[in-house]
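K.L.:
Residue 231 in numbering that gives the first Met the number 0 is what sits at position 232 of the sequence shown, and the numbering runs on without skipping anything.
Please note that a few of the clues may not be correct.
[Claimed, not checked] Just the calculated beta-carbon pair ranges, DEER-fashion: (1) R114 to L197: 43 to 53 Å; (2) A250 to G113: 42 to 52 Å; (3) M264 to A57: 47 to 57 Å.
To be clear, the hints were calculated from the coordinates, so they are not data collected in a lab. Just so you know, even glycine gets a beta-carbon here, dropped at the ideal spot from N, CA and C.
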Amino acid sequence: MAGPGLLRSLLFAPANRPDLVAKLPRSRPDGVVLDLEDAVRAEDKAGARGLALEGARALARSAPGLAVFVRVNGPASAEFEEDLAAALDPGIAGVLVPKLESGDQVARLLAALGRRGLGSAVVVGGLETARGVAAAREIAGAGLAGVYFGAEDFVADLGGVRTESNQEVLYARSEIALAARLGGVYALDQVVVDIHDLGRLRREALEARALSYAGKLCIHPAQVAPVNEAFSPSAEELERSRRLIAAYAAAGGEQRGVIEFEGQMIDSPLVRRAEAVLARRSRR
0 MAGPGLLRSL LFAPANRPDL VAKLPRSRPD GVVLDLEDAV RAEDKAGARG
50 LALEGARALA RSAPGLAVFV RVNGPASAEF EEDLAAALDP GIAGVLVPKL
100 ESGDQVARLL AALGRRGLGS AVVVGGLETA RGVAAAREIA GAGLAGVYFG
150 AEDFVADLGG VRTESNQEVL YARSEIALAA RLGGVYALDQ VVVDIHDLGR
200 LRREALEARA LSYAGKLCIH PAQVAPVNEA FSPSAEELER SRRLIAAYAA
250 AGGEQRGVIE FEGQMIDSPL VRRAEAVLAR RSRR
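Sequences are here, hints too, so could you generate the full structure?
P.N.:
As structure tokens, this is what we get:
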């Protein structure tokens, strides 16, 4: 599976649009998603399954090494079982399962995959409803590879109003980040639906990184580069982290507990944070 550091950007395209699917690698995302859910009309879903497989196999030939996922319809939908069966192909890195609402739901899903001999399948769960966010810790700890936050569905389910400030989703974003950390999985942040507002995209991506998200969902190729940049340590961050770790070791920080470094008091939590910055760089 692709690890958290390799999923800074996950770019979506409708599974039934081969023309768009073929273009997905051009913007250099860390992963791509062939969508069978929101991007496909109800009457087109059956045909989209076969196209998803064809698209995934074509991408495996044209862009080897690119992580290709399929987003299936949710567990409560009539399409779920057939979507899941179609998506679990050797050429597909894993599946995104939207609108999960309980750990028991995840357990049943993983057990069903195990019975089919597909227990190693990578499953990323969507937290997109009020119940899903309320059960985020239970879901994130149930054996998934990762989780993602669907802000638009969440606010619609909650009955709130979507704003540029993101104040209405701050609790949910924070809770999902914490749940992912406790569950030992990665978290991917919400989409920005205004594909022309790259300023907002950058702000959101930096907010998400500060909250400990590993990456962000993208719905347009132009969003990929800013997202990759936001979730990658800058050269200055990397160099300062190296200096900090070296200074702490040279001063015997482990024995002293705290040292002064470039005008700041540095103790072991800040060293661990610097180490995490370097680890993120090494996974790129």
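K.L.:
For each hint, tell me whether it holds in the structure or not.
P.N.:
Checked hints:
1. R114 to L197: 43 to 53 Å: Holds - the Cβ-Cβ distance for R114 and L197, about 45 Å, lies within 43 to 53 Å.
2. A250 to G113: 42 to 52 Å: holds, 51 Å
3. M264 to A57: 47 to 57 Å: holds, 55 Å
When held up to the earlier numbered hints, the structure conflicts with none and fits them all.
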